[in-house]
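A.B. asks: Spelled out, the chains give:
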Amino acid sequence: SQQGEEDPQALSIQEGENATMNCSYKTSINNLQWYRQNSGRGLVHLILIRSNEREKHSGRLRVTLDTSKKSSSLLITASRAADTASYFCATAPRTGTASKLTFGTGTRLQVTL
Amino acid sequence: DTGVSQDPRHKITKRGQNVTFRCDPISEHNRLYWYRQTLGQGPEFLTYFQNEAQLEKSRLLSDRFSAERPKGSFSTLEIQRTEQGDSAMYLCASSPSGRAVETQYFGPGTRLLVL
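Chain order of the listed sequences is A and B.
Quick note: the first sequence uses this note's numbering, first residue 8, plus one each step.
Quick note: the second sequence uses this note's numbering, first residue 97, plus one each step.
Please keep in mind that the hints were generated in silico from the structure rather than gathered at the bench.
For clarity, every value in this text was computed on a predicted model and none was experimentally measured.
Every residue gets a Cβ at the ideal spot worked out from N, C-alpha and C, and that includes glycine.
Relax, there's no trap hidden among the hints.
Calculated cross-link-like contacts (lysine-lysine; reagent style DSSO-like; alpha-carbon spacing at most 30 Å):
hint: 1; chain 1: B; residue 1: Lys167; chain 2: B; residue 2: Lys153
hint: 2; chain 1: A; residue 1: Lys77; chain 2: A; residue 2: Lys63
hint: 3; chain 1: B; residue 1: Lys167; chain 2: B; residue 2: Lys107
hint: 4; chain 1: A; residue 1: Lys33; chain 2: B; residue 2: Lys153
hint: 5; chain 1: A; residue 1: Lys63; chain 2: A; residue 2: Lys76
hint: 6; chain 1: A; residue 1: Lys77; chain 2: B; residue 2: Lys153
Some chain A residues judged to face chain B by a derived CB distance under 10 Å, without partners named:
hint: 7; residue: Gln40
hint: 8; residue: Tyr42
hint: 9; residue: Gln44
hint: 10; residue: Ala99
hint: 11; residue: Thr112
hint: 12; residue: Gly113
Make a model of the complete structure from these sequences and hints.
C.D. replies: This is how it looks when you write it as structure tokens:
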């Protein structure tokens, strides 16, 4: 089953604008990761934030994590048409076997010219 | 290309037939994962290998599903007596060993359509 929800489910913006996606999860985590998926393709890892971190940057990406609220956000600045894709958050468990990632339901981002 | 590869990329089969998918992970990665993704949803975990040992299986993995990783390298996922509900994208991922789950590297997926 899915770990949590992503919000919004779909987002349409113009090139150059910023895009913000939110992710909520349910259980204690070791880390939270964001992945991108172009239509019908595999997933590409974007960024990982650990449970003891609050903010992380990578190029045009900014990720925040609030473990007290069990939520994370992904900000893409100065969006480009090539950013059009689905974006998923995924959580790695704090306890138990170091095995699976649990994915959210995804946000579909459309960037128009 | 040293990424994760999957074969075939697409498979169309009739209900009741058996299908087998292959995944070749990144060569130095000990961990291998299978996920299933249906339309409009995020990937859902199916099973996980550490080298050749299958360490965890999801409840989604019914007795019609079997996965192997015989020599700790490539893996196969077989679905017997396919049903229309098995139609989905099957994703394979690999990662190096470590204490916690870190970045996973995904293959392009095998899209299965059961008619």
